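Chains A and B supply the protein sequences, listed in that same order. Numbers in the numbering used here are just positions in the first sequence, counted from 1, shifted up by 51. Numbers in the numbering used here are just positions in the second sequence, counted from 1, shifted up by 225.
Since the hints were derived computationally from the structure, they do not count as laboratory data. Because the structure is a prediction, the values reported are computed rather than measured. Any given hint could turn out to be false.
[Claimed, not checked] Only some residues are given here: those of chain A computed to face chain B with a beta carbon under 8 Å: (1) Tyr-83; (2) Asn-92; (3) Arg-93; (4) Gly-94; (5) Leu-95; (6) Phe-97; (7) Lys-100; (8) Ile-102; (9) Phe-141; (10) Gly-153; (11) Leu-155; (12) Phe-157; (13) Gly-158; (14) Gly-160.
[As the list claims (entries may be wrong)] In the DSBU-like style, the derived pairs of lysine-lysine whose C-alpha atoms are separated by at most 35 Å in a straight line are: (15) A/Lys-166 with A/Lys-128; (16) A/Lys-73 with B/Lys-266; (17) A/Lys-128 with A/Lys-100; (18) A/Lys-120 with A/Lys-109; (19) A/Lys-100 with B/Lys-266; (20) A/Lys-100 with A/Lys-73; (21) B/Lys-280 with B/Lys-245; (22) A/Lys-128 with B/Lys-266; (23) A/Lys-166 with A/Lys-100; (24) A/Lys-100 with B/Lys-289; (25) A/Lys-109 with A/Lys-128; (26) B/Lys-266 with B/Lys-280; (27) A/Lys-120 with A/Lys-100; (28) A/Lys-166 with A/Lys-120; (29) B/Lys-239 with B/Lys-280; (30) B/Lys-266 with A/Lys-109; (31) B/Lys-266 with B/Lys-239; (32) B/Lys-266 with B/Lys-289; (33) B/Lys-266 with A/Lys-166; (34) B/Lys-291 with B/Lys-239; (35) B/Lys-266 with A/Lys-120; (36) A/Lys-100 with B/Lys-280; (37) B/Lys-245 with B/Lys-289; (38) A/Lys-73 with A/Lys-109; (39) B/Lys-245 with A/Lys-100; (40) B/Lys-291 with B/Lys-280.
Every residue gets a Cβ at the ideal spot worked out from N, C-alpha and C, and that includes glycine.
If you want the building blocks of each chain, they are given just below.
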Amino acid sequence: AQSVAQPEDQVNVAEGNPLTVKCTYSVSGNPYLFWYVQYPNRGLQFLLKYITGDNLVKGSYGFEAEFNKSQTSFHLKKPSALVSDSALYFCAVRDRGSGNTGKLIFGQGTTLQVKP
Amino acid sequence: GAVVSQHPSRVICKSGTSVKIECRSLDFQATTMFWYRQFPKQSLMLMATSNEGSKATYEQGVEKDKFLINHASLTLSTLTVTSAHPEDSSFYICSAPVHSGNTIYFGEGSWLTVV
Numbered sequence: 052a053q054s055v056a057q058p059e060d061q062v063n064v065a066e067g068n069p070l071t072v073k074c075t076y077s078v079s080g081n082p083y084l085f086w087y088v089q090y091p092n093r094g095l096q097f098l099l100k101y102i103t104g105d106n107l108v109k110g111s112y113g114f115e116a117e118f119n120k121s122q123t124s125f126h127l128k129k130p131s132a133l134v135s136d137s138a139l140y141f142c143a144v145r146d147r148g149s150g151n152t153g154k155l156i157f158g159q160g161t162t163l164q165v166k167p
Numbered sequence: 226g227a228v229v230s231q232h233p234s235r236v237i238c239k240s241g242t243s244v245k246i247e248c249r250s251l252d253f254q255a256t257t258m259f260w261y262r263q264f265p266k267q268s269l270m271l272m273a274t275s276n277e278g279s280k281a282t283y284e285q286g287v288e289k290d291k292f293l294i295n296h297a298s299l300t301l302s303t304l305t306v307t308s309a310h311p312e313d314s315s316f317y318i319c320s321a322p323v324h325s326g327n328t329i330y331f332g333e334g335s336w337l338t339v340v
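Using the sequences and the hints given, assemble the complete structure.
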């Protein structure tokens, strides 16, 4: 079965410091991986995705993620956190069993708190 | 860029009534859309896959007679919560894929409160 795990419920970081939000996955074959951010009472905003190609993926708002096949991880990173980055972050994998429909399997989410 | 619009953003209804939530793809066609339910500070739970011109596919445990989904056009899917109860109060979010499912956009979500 395919799954995504975000081992941390919350990550706290000081403004200006680097941040990492962890994600590991379990899929058969090559994964299609995504990161989304959700601000309070809002929908999900797309940050970045890994489909194929370079393992380091750069996305919106200065975020990047590194696909690591051997560790089955896709951690989200940012070199210098902003207070405005505080939000709920979701890692997701596209359900291969659904073909190209875009059905996603989500991790449980990680709340990022950036303190001034 | 591609945008998915959801309406209403907030709705309050009385127990026993029905409420409809719309999900529109604004500059692309979506033969498939997805409906999720989210409880506060929790992950998204997929409720159903909406298929244009055919019946929706519901996830296990989701009552199809209670959560009616209609996907009558390539840009519009609707979710109707019938005979709403307070326990149906939740945040409902839709999504639609583009580029053969390589990019998936989400609506802004709809807060439903049943009183």
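Each hint tested on the structure:
no. : hint                     : in the structure
1   : Tyr-83                   : holds (7 Å)
2   : Asn-92                   : holds (7 Å)
3   : Arg-93                   : holds (6 Å)
4   : Gly-94                   : holds (4 Å)
5   : Leu-95                   : holds (4 Å)
6   : Phe-97                   : holds (7 Å)
7   : Lys-100                  : holds (7 Å)
8   : Ile-102                  : holds (6 Å)
9   : Phe-141                  : holds (7 Å)
10  : Gly-153                  : holds (3 Å)
11  : Leu-155                  : holds (6 Å)
12  : Phe-157                  : holds (5 Å)
13  : Gly-158                  : holds (7 Å)
14  : Gly-160                  : holds (5 Å)
15  : A/Lys-166 with A/Lys-128 : holds (17 Å)
16  : A/Lys-73 with B/Lys-266  : holds (17 Å)
17  : A/Lys-128 with A/Lys-100 : holds (13 Å)
18  : A/Lys-120 with A/Lys-109 : holds (17 Å)
19  : A/Lys-100 with B/Lys-266 : holds (23 Å)
20  : A/Lys-100 with A/Lys-73  : holds (15 Å)
21  : B/Lys-280 with B/Lys-245 : holds (17 Å)
22  : A/Lys-128 with B/Lys-266 : holds (21 Å)
23  : A/Lys-166 with A/Lys-100 : holds (27 Å)
24  : A/Lys-100 with B/Lys-289 : holds (32 Å)
25  : A/Lys-109 with A/Lys-128 : holds (10 Å)
26  : B/Lys-266 with B/Lys-280 : holds (31 Å)
27  : A/Lys-120 with A/Lys-100 : holds (15 Å)
28  : A/Lys-166 with A/Lys-120 : holds (32 Å)
29  : B/Lys-239 with B/Lys-280 : holds (28 Å)
30  : B/Lys-266 with A/Lys-109 : holds (26 Å)
31  : B/Lys-266 with B/Lys-239 : holds (25 Å)
32  : B/Lys-266 with B/Lys-289 : holds (25 Å)
33  : B/Lys-266 with A/Lys-166 : holds (19 Å)
34  : B/Lys-291 with B/Lys-239 : holds (15 Å)
35  : B/Lys-266 with A/Lys-120 : holds (29 Å)
36  : A/Lys-100 with B/Lys-280 : holds (30 Å)
37  : B/Lys-245 with B/Lys-289 : holds (14 Å)
38  : A/Lys-73 with A/Lys-109  : holds (16 Å)
39  : B/Lys-245 with A/Lys-100 : holds (32 Å)
40  : B/Lys-291 with B/Lys-280 : holds (15 Å)
Consistency note: the structure conflicts with none of the earlier hints.
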